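Fit chain L with the ligand to the supplied structure of chain S, relying on the hints for placement.
Order-wise, the sequence lines are chains S and L. Going by the numbering used here, the first residue of the first sequence is number 34, and it counts up by one from there. Going by the numbering used here, the first residue of the second sequence is number -4, and it counts up by one from there.
To be clear, the hints were calculated from the coordinates, so they are not data collected in a lab. Hints are supplied without guarantee of correctness; some may be wrong.
[Claimed, not checked] DEER-style ranges, computed between Cβ atoms:
no., chain 1, residue 1, chain 2, residue 2, range
1, L, 34, S, 219, 40 to 48 Å
2, L, 242, S, 36, 25 to 33 Å
3, S, 111, L, 78, 33 to 41 Å
4, L, 37, S, 251, 17 to 25 Å
5, S, 122, L, 152, 45 to 53 Å
[What the hints assert, rightly or not] With the C-beta cut set under 8 Å, the calculated list includes, among others, these residues of chain L facing chain S:
no., residue
6, 104
7, 107
8, 209
Source: prediction; values computed, not measured. Think of the CB as a built atom: it goes at the ideal place given N, C-alpha and C, for glycine as much as any other residue.
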Amino acid sequence: MKGVFDIIGPIMIGPSSSHTAGATRLGKIARAILGEEPSQVMVRLHGSFAKTGRGHGTDKAIAAGLLGFSSDDERIPAALTLASAAGMKIEFTRRDFANVHPNTAVIEMVGKSGRKASVMGSSIGGGSIVVTQINGYQVELTGEYATLITIHEDRPGVVALVTQVLAQEKINVAFMRVSRQERGAEALMILESDEPISHQAYDIVANIPAVKVAMLVLPC
Amino acid sequence: MERFSTFMDLVGLANNGQCLLSEVIINYEVQKSRTNRESVWQQMDQCLTVMIKAVEKGKDSQEKSVSGMVGGDAKQFGDYAKAKGLLGSVTQKAIQYALAVSEVNALMGRIVASPTAGSCGILPGALLAASEALSVPREKIVAGLFTAAGVGLIINEHASLAGAAGGCQAECGAASAMAAAAVVEMAGGTPDQAGQAMALALKNMLGLVCDPVAGLVEVPCVKRNAFGAVQALVAAELALAGIKSVIPPDEVIAASYEIGCLMPPSLRETSDAGLAKTPTGQEIEAKLFGENK
Ligand code: SF4
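With the rest of the complex left out, here is chain S (with noise of 0.2 Å):
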C-alpha cells in the first residue's frame, strides 16, 4: 500500500500533477544529467503534453526544472522569463514519437561547457516521472533515488571498477542496469542508491579512464 503523503501530496504548483509538477521533475532531472547549467535547450514535446501543454504551464515548469527549480517552486510561473534573464535559450516544437507515454518530452541540451545530453522522459501520473532515453540509451530512471549514470567503454573490468568506489565509500546499490548500442563500444550503466551518493564518490568514477561520462542524480 501506497503512504499517507502520496494520497495528500504532493505539495505542487498546479494546476496538474502530471503536466506541471511532473514536468518540473523531467526539467531538473534533465539539467542534473547534464551535469551543468543548460545554455541552450530543445524540448520537443510529444502527445497531450503538446496539445494541452499550455494551458497546463507545461513549457514553464520544464523551464523552472531546467533551472533547477522543485515542483513546489512559486517561481515556476516566471519560469520562462527568468531562464531568458539567467541566458538559457529554450525552444519548445510538438513532435509526435511513436508508441510513448502520451505525456513524453525530449530535451536536448547544450551546456554552459558545451557539453551535451539529450533525455527522453515521461510524466506517468501524480507527479512521478520516468526517463527513458539518456544519449539514444534505453534507460528506466524514476529520479527516487540517488543515480549514477556512466557512459563507458564496453570491455571487462570497468562495471567491477565504478562498483568498487561505490563500495570503498559504502555505498549500497539497490538497483543496476547495463545497456548498449553496439558490442565493444560503449555502454551506459545505471545504478540506483538508497543512501545519497557523495560528490566525493562521483569524482573517483568520472576520473577512471575507460569512464567517458559520468552523471550524478539526486533525488528531486
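Coordinates of chain L with the ligand only, in the frame set by chain S:
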C-alpha cells in the same frame, strides 16, 4: 505494522485500540516511513499550512487563468455571501474556500494534491469550514487529514484516484469521501460513522465522468470542488445524525471500481466527449489551440 486493506479492517483496528481512525493512520505511516510520530505529524501540518495559504490567496484574487475560463469566483462568491445568501455560513465558507484553492491551482499557485491537483479544493474547503463551525483546534484538522488519507489509501487500493482510470468519481468523488470521514472525526463522531459518511459521499458521486474542456483542469473542475466540499459536509452531517448507508463502505468502493472500468475512455480525462465536446467546449478548445499553433 498496522495492517489494513479495507475500511472494515480500519474500523476494526480503531475499535480494538479504542482510538480514532487518525491514530491508526498515523501509526501506519510512522511504521511505513520508518520515522517518528513527530516528523510525520510535522509533514501533515505543513500540508495544512499550504492549504490555508491557498485559501487566503484565492479568496481575494481576481486573476484569470491562462485560458481565461476560471478565476475570481471565490472572491465574487465571498463578496456576495457577506451580505446575503440562502445557505448558512459553514456551507458558504466551504464553497468559498474550495473555489479559492481550486482557482489557485488553475492559476499555477501552490497547493496540496489531495488526492489530486484537480480535486485539491475539497479537503481544505470542507475541513476548514467545519473547523471554524466546530471551533476545533488546529490539531484536530491535522488529525482529520490523516483520517482522510486513510480513506484515500483504501480507495486507491480497491479502486483508483486517477480521473484517467476511473473518471471524476475517482478524484472529486474520492476527495469528497475522504473529507466526509475527516469531518465526522473532527466533530467527535465514531469510526463507524466516519465510514458511513465516506460511503454516503462516494455513493453520490458514483459514475461521475471526467470531461474537462480543452483538457484543462478548469471546467468543470473548479466549481465541482465547491460541490464536493459541500457534499462532504452533507454526508458527514447525515452520518453524525446516525443515518447509515445501506451499502457498506467497502462495497461502495468496489462499485466505484466497477463503474470506472465500465466507463468509456472518452469520458476518462481524454476530453473526447461530454462537456469538452459541447459546442461551447469545442469553441473554447479551438480558440486556445488555434493561438497555440
Ligand atoms: S473533471 Fe477530470 S480533471 Fe477535472 S477534477 Fe474531475 S477528474 Fe480531475
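Results for each hint:
{"no.": "1", "hint": "L:34 / S:219: 40 to 48 Å", "verdict": "holds, 43 Å"}
{"no.": "2", "hint": "L:242 / S:36: 25 to 33 Å", "verdict": "holds, 29 Å"}
{"no.": "3", "hint": "S:111 / L:78: 33 to 41 Å", "verdict": "holds, 37 Å"}
{"no.": "4", "hint": "L:37 / S:251: 17 to 25 Å", "verdict": "holds, 23 Å"}
{"no.": "5", "hint": "S:122 / L:152: 45 to 53 Å", "verdict": "holds, 46 Å"}
{"no.": "6", "hint": "104", "verdict": "holds, 6 Å"}
{"no.": "7", "hint": "107", "verdict": "holds, 5 Å"}
{"no.": "8", "hint": "209", "verdict": "holds, 6 Å"}
The structure is consistent with each of the numbered hints, conforming to all of them.
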